[in-house]
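**Q** If you want the building blocks of each chain, they are given just below.
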Amino acid sequence: MVKKKDDQYIQERTNSILDVIMSYARLEFNVQTEVSANNDVFDSIAAGVNMLGEELENSVVTIKEKESLLKEVHHRVKNNLQIIASLMNLQAANSTDPVFLELIRECKNRIDSMSIIHEMLYQSKDLSRINSTAYIHHLILGLESSFCMSNVKVDFQLDIDHGIILEADRMIPIGLILNEAISNSYKYAFPNREGVIEISFRMIDDFYVLLVKDNGIGLPEDYDVNKNSSLGLQLIATLAEQLDAKLLWLRRDGLGFEFRFQ
Amino acid sequence: MKIPATAHELKCYHTWMGVDGIGRTKVKKNAVVTLEDARENSALVNSFFVDEKFPLMIDSRGIQSISREARAFFTANGRDTNTIAFAILIDSAVSRVVGNFFLGINKPAVPTKLFLNEKDALQWLRNL
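Sequence lines, in order, name chains S and A.
Just so we're aligned: 70 in our numbering is position 70 of the first sequence, and the numbers increase by one with no gaps anywhere.
Just so we're aligned: 56 in our numbering is position 56 of the second sequence, and the numbers increase by one with no gaps anywhere.
No wet-lab data here; the hints were simulated from the structure.
Even glycine gets a Cβ: it sits at the ideal position worked out from N, Cα and C.
Treat the hints with care, since some could be wrong.
[What the hints assert, rightly or not] Under 7 Å between C-beta atoms, here's a sample of chain A residues computed to sit facing chain S:
1. Thr6
2. Lys28
3. Gln64
4. Ser65
5. Ser92
6. Ala93
7. Val94
8. Val97
9. Val98
10. Phe101
Isolated chain A, as found in the complex:
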């Protein structure tokens, strides 16, 4: 996932809104994601459109670890979110385990699917 110049840079993420109306967030290489990072990124994502809901593609391939609190926060249960679906890219050894664990244990409130490549992820989000 190529990071555009307009992307916002956070401690663990690069996050931006695509011209196609799909939000994108890319986990930095070897990022250790905490609840604080999760909240910061979520606030940024929600600021893209205030009145409109949109899907989000999450490139988690660089992730090293994510805390339990952050995983629980990302389920979107009981919190305000403008996102309607998550497509998570997991094409690395650690991200595969993290992604599958997240889906298996945390049960996100919005439709969520794991993908090994960006093309399939985008296609799924566009067809929602």
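The shape of chain S in the complex, shown without the other chains:
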């Protein structure tokens, strides 16, 4: 009879403690398990579980506060970048100089490529990493809109691994590279006002391989990229270094770039 009573006590106390542990595992901290006046082993476990719950709750609150702050930072960075872009638009509105307007557009597109990243960061649950597929789609939409007045019809052919998710630090140079390469194609590759830009981003043998290539007129055969590069092409080479990527110039049937990095 005594044994049965003991078994029931053990069962009840164990279940009560287990319920609270399960609540904490679900990050629900509004419960505590009873610490009775018996001062037995179950009470000691209960006291420990309760204190652990309090510490966990405090850590979760701290993490949430940090996440919230980080979101706010990304939001502000994105807003500030957009303010800079808007100021550029205002300056451009007062000018009819096509060279100046082109410079403004180039700068604005570069800013936009970074702004998109901060916008995606504060809107996502993951505050440090970016989904490459969503980002590249977003970037292309912005560039299509920016070049809509140029009347160049571009068919984008994308082959992007949906699983590639990278930190913002690495996605920013990738975005800037794509921005430069695509802008370059829009401006110089298609004198017939139409063409194809192929973008591929995949994992091959433990390497990320980013390829961006057009089927346009390409560079003249005697064009020395080391001597004559435009700012855009120089930027591409610099950004490749920043990614620690091996850069391959593709000069057959148009112009393209392949970046291989880990």
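The hints should help you fit chain A onto chain S, whose structure is shown.
**A** Relative to the frame of chain S, chain A by itself:
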């Protein structure tokens, strides 16, 4: 730990200064210690000597629970205290867990040690 007649009685504690210059505080049986209790006891302990620092023996064997805020307060980090060391008596199932948890998580600002008996605790405090 025998409570002398001169001890001050608080909601969760009996607290007094020993003739040997070691402060003593004994947690009442089944006490649920909150931040308010911690502050009240700390103010009392600090009032024993204004210009002199002293060690403190804490008999926590009666404790039922202590809130996170109270635990953090007892670390003495960032608050005025006249204490130079804590010896904590933990010879009960719950007080053992509470004492070890306190030391493991809260890292007190003054030397702190857990003891299973009063004699060893006093000896450690006297040899500081």
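**Q** Sort out which numbered hints this structure fails and list those numbers smallest first.
**A** 1, 2
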